[in-house]
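As they're listed, the protein sequences go chains A and B.
The opening residue of the first sequence carries number 1 in our numbering; numbering runs sequentially from there.
The opening residue of the second sequence carries number 1001 in our numbering; numbering runs sequentially from there.
Simulated from the structure, these hints should not be mistaken for laboratory data.
Where is the CB? At the ideal position from N, CA and C, for every residue including glycine.
Careful, some of the hints might be misleading.
What the hints assert, rightly or not - Partial list, computed: chain A residues near chain B (C-beta under 7 Å):
| id | residue |
| --- | --- |
| 1 | 237 |
| 2 | 410 |
| 3 | 423 |
| 4 | 470 |
2 protein chains.
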Amino acid sequence: MTVDVQGYNPRTGAPVGDAVAGTPTDEVDRVAGAAAAAFPAWSGLPATDRAGVLDALAAALDDGADELVAVADDETALGETRLRNEVGRTTGQLRMFADLLRRGLHVEAIISPADPAVARPDVRRMLVPIGPVAVFSASNFPFAFSVAGGDTASALAAGCPVVVKAHEGHPQTSVLVARILRGALAAAGVSEDVLGLVHGFDAGGALVRHPAMRAVGFTGSLRGGRALFDIAAARPDPIPFYGELGSVNPVVVLPGAARARARDIATEYAGSLTLGAGQFCTNPGLMFVPDDAALLAALAEAVRATSTGPMLSERIRDSYVDGAAGRDALPSLAEGAAGEGAWSVAPRVWQVDAATFAAGPDRFTEEIFGPAGLVVTYASVAELVSTLSHMDGSLTGSVHATEDEPDDAAAVAAALGPLVGRLIYNGWPTGVAVCWAMHHGGPWPATTASGHTSVGGTAIRRWQVPIAYQGWPQHLLPPELRDHNPLGLPRTVQE
Amino acid sequence: MTVDVQGYNPRTGAPVGDAVAGTPTDEVDRVAGAAAAAFPAWSGLPATDRAGVLDALAAALDDGADELVAVADDETALGETRLRNEVGRTTGQLRMFADLLRRGLHVEAIISPADPAVARPDVRRMLVPIGPVAVFSASNFPFAFSVAGGDTASALAAGCPVVVKAHEGHPQTSVLVARILRGALAAAGVSEDVLGLVHGFDAGGALVRHPAMRAVGFTGSLRGGRALFDIAAARPDPIPFYGELGSVNPVVVLPGAARARARDIATEYAGSLTLGAGQFCTNPGLMFVPDDAALLAALAEAVRATSTGPMLSERIRDSYVDGAAGRDALPSLAEGAAGEGAWSVAPRVWQVDAATFAAGPDRFTEEIFGPAGLVVTYASVAELVSTLSHMDGSLTGSVHATEDEPDDAAAVAAALGPLVGRLIYNGWPTGVAVCWAMHHGGPWPATTASGHTSVGGTAIRRWQVPIAYQGWPQHLLPPELRDHNPLGLPRTVQE
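Construct the entire structure; sequences and hints are all you get.
The structure is reproduced here in structure tokens:
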């Protein structure tokens, strides 16, 4: 028995389209088996051919953008502008990985030639795909972190078929994206089973348990991610679980920046906090500011001027309201307005001093998904730096500074560095640039695997394993490892 | 209450030196805390300075080689020649990582310059050390996979302090190595707590649970490794567990090679199977050969000519005898002789056909640690290839072929590739070359993390995490990421 998955319009609370049947376990088994059957041919394609297929997938999504945006807006209420940009981000990710494949940056070939002086054989190492993988869609990015999102793009680039567990918040969008991808795969002469789709809570667990799955990518809540991580780790053959979970993304405003740019910082903060109704893993949930009346007044004014659209689902709205209620005893800095729509909420920002924060950091550092912020005032930079050490891991840490306080900026960077995956200077954490160098990760509970990223060029590494060839004749080596480097790859050769 | 750890001489069964006290939990806590306290200074050293310290550690071990070899021979009976070579391997590993640090190959810097056309900020990514780590010594390499072994060398190179759990089989050797390393650290002006040592089963579990530990390296049994993996995964904050566990290392002899080189193959097989009394993770426990009477006769003759020294401990000897008894119902191909020494055993090789193997592969693919081999005869290369698919993961797979059977060699490589971390052509799995390209890993149960290696240049990656700097001014960036590349690192720059 499985539970149907029904999408709803966050503006009205009304159902969107028909319910989608939850995938029963035997069907999960069939889909996973089909992905496994598609693995040899997909992984065996030359990388430049896989790049061509990724480009075809991107083109098909771009072609379908009007319909995709319309369906996703019904299910998420994120609005046409944002959703159209998100389709672009999604197809941009696919094209970035196509570009990396053509450049051969995914191979990481290392060649240690034979050295008779130390009786060393010829050893040549490269990365190869790990096998079929499972990807769990996120609620808050119906395209960029969902069926055709970054996990899928990087895994397909690596040569891994993907079975996606659709997010319950946007089932119709998920079905449509999968239909477009599978159609484009078939049109490109590739098995459409390179991309499979399953629905429902039970299907997710079955997928992580499935023997054919060799790794899992996940973006979502701490509780859900931990439960699936535990399943992956408890398998007879444990598999890597790359989960991006909760993050409060500390932002530090140094005294000089507060004096020089109070109004801009306040406006930008309010914008970052409420962007997408605060439903970003990089939302700035925690900000450390000097105890500066002008800055605090500007922050309060900027927050009061905010208004957010509806949240993605009733459950997410309820969870935000519950989390905010848990802070009712704290002094409020300001509240914004709830915009129109069934599941709209008011942005809320509280204020405590650094001593209060340091006395019970666990009370303040659990992520509240949505437009909720905590402003922590500090009396001195020394107190600030000591307070920062009380935090868990986050995806990002940001510092606002002027040119006149480099030592303080360096001290904050040194304190935040071990706690985050990305350090931002005079910027805001929301808006994760898709580029080669991006790292979207961080220590627990930001992720389950701090050595890896779910955005950027190196995201492909999650789906690859090394293999070494020892003593093989040239004609039996993969082209990536032959002496004359027929693919023109960047390679490291031991001297 | 803790249990003392007593080493024994495998030749006589007599105790070696005094028992070493098992480390109580509060002392584990102190040692782990000291490692954490040493982290900022050690990780903050310029890489070239860390390289100098690694070289100093290597020199100190070389200086102490006479005493080290004597103590280790008492505790392991591996013999002076092997042990002296192993000290050289161990110091060679330290020096290889020093060389990689000086070349900057550990940084993996990627720079994505700002691109106003797509509103992309400046993003720069590099690898940094993950924090203090735990390393579990192996029984079978008292130097190269123990206190100063590959895990320790790569972690120290990364900038991570190491707390080693000594192996119960060679406590005196472990104490001596740790004393030499700590003395050399202090002499180099570095905190000696960069290298800590604990003893005993309970201390191992406490170490994996300790909040200060950020990752674990392990080489040992499937059962022990799985238990510690489960502890690491069950932590409130799960940490990566890099375990190298069990492996049967399939070797395939193709028909042409069997006809052309039966005698050489037989001699080399017997040598590889019984080297170090078969106590290698790369021991060739499983060999697939054509049903060729001449080759089988040569194999039997070569095995009968073998004789092995004592195994490392009474427990390992008992485990070998039990494992071998479990195969008593199988047809024997040949047995060698037990050499002198209390814990010596006879090499044993059994023979089944491919159909029998395929009907119940689990019976045949569990590693028996020691000089035990199974020879599987196949009737055709097609049957061989189909039979190979019934195996679990291994560290290595080997193919013996002539120049006249390239298609068969390629077919076997394709079948073995997804199951192993290293493919060897006309060679044997024992003897893992320490070089930049080496990959010593593989799918479960060979390791708990098939994306990583415990030998070779990239072993350092287990102890590193990425961090991205976004929008930072030049003077506040780490030197690794500044525009003018003051360290002269190899870097990837997005175009």
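Discussion item. Hint validation: residue 423 (chain A) versus chain B, beta carbon distance must be below 7 Å. Holds or violated?
Written reply: 5 Å, holds
Hold the hint about residue 410 (chain A) up to the distance rule: shortest CB distance to chain B must be less than 7 Å.
6 Å, holds
Open item on the list: Under 7 Å is the threshold here; is the Cβ of residue 237 (chain A) close enough to any Cβ of chain B for the hint to stand?
Closed with: At about 4 Å, which falls below the 7 Å cut-off, the nearest Cβ of chain B leaves the hint on residue 237 (chain A) intact, so it holds.
### Message
Restraint: residue 470 (chain A) near chain B, CB-CB cut 7 Å. Satisfied or not?
### Response
Holds, about 5 Å.
Hint check: no violations occur; every hint is consistent with the structure.
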